[in-house]
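Colleague: Based on the hints, put chain X in the right spot on chain P.
Line by line, the protein sequences are chains P and X. With the working numbering applied, the first sequence corresponds to residues 1 to 111, in that order. With the working numbering applied, the second sequence corresponds to residues 1 to 112, in that order.
One or more hints might be untrue.
Claimed, not checked - Partial pick of chain P residues on the chain X-facing surface, computed with a CB cut under 10 Å:
hint, residue
1, Asn30
2, Gln33
3, His45
4, Ser86
5, Phe88
6, Thr91
7, Phe97
8, Phe101
To be verified - Calculated from the model, a selection of chain X residues having no Cβ within reach of chain P, i.e. all distances over 10 Å:
hint, residue
9, Glu26
10, Gly27
11, Ser29
12, Ser58
13, Glu59
14, Ser67
15, Gln101
Said to hold, decoys possible - Sample of chain X residues facing chain P (criterion: CB under 7 Å; computed from the structure):
hint, residue
16, Gly43
17, Gln98
18, Pro105
19, Gly106
No wet-lab data here; the hints were simulated from the structure. All C-beta atoms, glycine included, are put in the ideal place defined by N, C-alpha and C.
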Amino acid sequence: SQQGEEDPQALSIQEGENATMNCSYKTSINNLQWYRQNSGRGLVHLILIRSNEREKHSGRLRVTLDTSKKSSSLLITASRAADTASYFCATGGTGGFKTIFGAGTRLFVKA
Amino acid sequence: SQTIHQWPATLVQPVGSPLSLECTVEGTSNPNLYWYRQAAGRGLQLLFYSVGIGQISSEVPQNLSASRPQDRQFILSSKKLLLSDSGFYLCAWSQGAQETQYFGPGTRLLVL
Numbered sequence: 001s002q003q004g005e006e007d008p009q010a011l012s013i014q015e016g017e018n019a020t021m022n023c024s025y026k027t028s029i030n031n032l033q034w035y036r037q038n039s040g041r042g043l044v045h046l047i048l049i050r051s052n053e054r055e056k057h058s059g060r061l062r063v064t065l066d067t068s069k070k071s072s073s074l075l076i077t078a079s080r081a082a083d084t085a086s087y088f089c090a091t092g093g094t095g096g097f098k099t100i101f102g103a104g105t106r107l108f109v110k111a
Numbered sequence: 001s002q003t004i005h006q007w008p009a010t011l012v013q014p015v016g017s018p019l020s021l022e023c024t025v026e027g028t029s030n031p032n033l034y035w036y037r038q039a040a041g042r043g044l045q046l047l048f049y050s051v052g053i054g055q056i057s058s059e060v061p062q063n064l065s066a067s068r069p070q071d072r073q074f075i076l077s078s079k080k081l082l083l084s085d086s087g088f089y090l091c092a093w094s095q096g097a098q099e100t101q102y103f104g105p106g107t108r109l110l111v112l
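The shape of chain P in the complex, shown without the other chains (with noise of 0.2 Å):
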């Protein structure tokens, strides 16, 4: 299927360390989309990479996109508490018009 992958599941660092994320997905797409979930909130947008880039950042977040190896990875740099959070990719695949979600890593940062 279309849907991206998150892993690790779950994931635990100290504040102060980097966090990275990894999402595979099985079909081509036109873009790829990270988002952040607070506990009991609705999903907020990060950074949306197309299929032609390799990589973008935005403050402490980096991510890049692999599309022969059709993967992708978030990094967190210097990770603080307010960045616990749930986070999925989403992915636009070019056979259709809807984005579909992963199932999430969850992140836990220690003060």
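Modeller: Same frame as chain P, now just chain X:
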């Protein structure tokens, strides 16, 4: 600026009762609208999406339905709730297909 509203925030309903969840968007026109359901600790399941007034696409056969009576209003309904309908319901909008989606705060539904 654009905003999206969802209500109610929390709802406890008995099995067999009807359901109506409402979502409205402000500050944009002709948005794509989406209803998702999220089970506890899980990802998002797309239930319905709409590209225009009266245009609804259903992704998952179930006892839920959706309607879009106005350009910026999206309603999720059920005539008779099941226990399995419990979950966190999220409404979202985007300006185009596969573009950034903006989510509402969600409705937590508990069917007893």
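Colleague: Next, verify each hint and record whether it holds.
Modeller: Now the hints, each set against the structure:
Contact between asparagine 30 of chain P and chain X, as hinted, is supported at the beta carbon level, the nearest pair being about 6 Å apart and thus within 10 Å. Annotation: glutamine 33 of chain P was flagged as interfacial toward chain X, and the flag holds, the nearest CB pair being 7 Å apart, inside 10 Å. Annotation: interface hint on histidine 45 of chain P holds; nearest CB of chain X at approximately 5 Å, less than 10 Å. Interface hint status for serine 86 of chain P: upheld, as the beta-carbon distance to the closest one in chain X is roughly 8 Å, under 10 Å.
Of the supplied interface hints, the one on phenylalanine 88 of chain P holds, with its beta-carbon coming within about 7 Å of a beta-carbon of chain X, less than 10 Å. For threonine 91 of chain P, the interface hint holds, since its Cβ comes within 10 Å of a Cβ in chain X; the closest pair sits about 9 Å apart. Because the closest C-beta pair between phenylalanine 97 of chain P and chain X is about 5 Å apart, less than 10 Å, the hint holds. Satisfaction of the interface hint for phenylalanine 101 of chain P is found here, the shortest Cβ-Cβ separation to chain X being roughly 4 Å, below the 10 Å cut-off.
For glutamate 26 of chain X, the non-interface assignment is confirmed: its Cβ lies about 15 Å from the closest Cβ of chain P, beyond the 10 Å cut-off. Chain P leaves glycine 27 of chain X outside its interface by the beta-carbon criterion, the shortest separation being 16 Å against a cut-off of 10 Å. No beta-carbon of chain P comes within 10 Å of the beta-carbon of serine 29 of chain X; the shortest separation is about 20 Å. With a least beta-carbon separation of about 12 Å from chain P, serine 58 of chain X lies farther than 10 Å from that chain, consistent with its non-interface assignment.
Consistency note on glutamate 59 of chain X: stated as away from chain P, yet its beta-carbon is not over 10 Å from all of that chain's, at 8 Å minimum. Listed as a non-interface residue, serine 67 of chain X keeps its Cβ farther than 10 Å from every Cβ of chain P; the least gap is roughly 20 Å. Not every CB of chain P lies more than 10 Å from the CB of glutamine 101 of chain X, the least distance being 7 Å, so the non-interface label is violated. Because the beta carbon of glycine 43 of chain X sits about 4 Å from the nearest beta carbon in chain P, less than 7 Å, this interface hint is met.
Evaluation of the glutamine 98 of chain X hint against chain P yields a held restraint, the C-beta minimum of about 3 Å falling below 7 Å. Here the hint on proline 105 of chain X is kept, as its CB sits about 5 Å from the closest CB of chain P, short of 7 Å. The restraint placing glycine 106 of chain X at the interface with chain P holds, with a minimum CB-CB distance near 5 Å, inside the 7 Å limit.
Taken one by one, the earlier hints fail for this structure at numbers 13 and 15, listed in ascending order.
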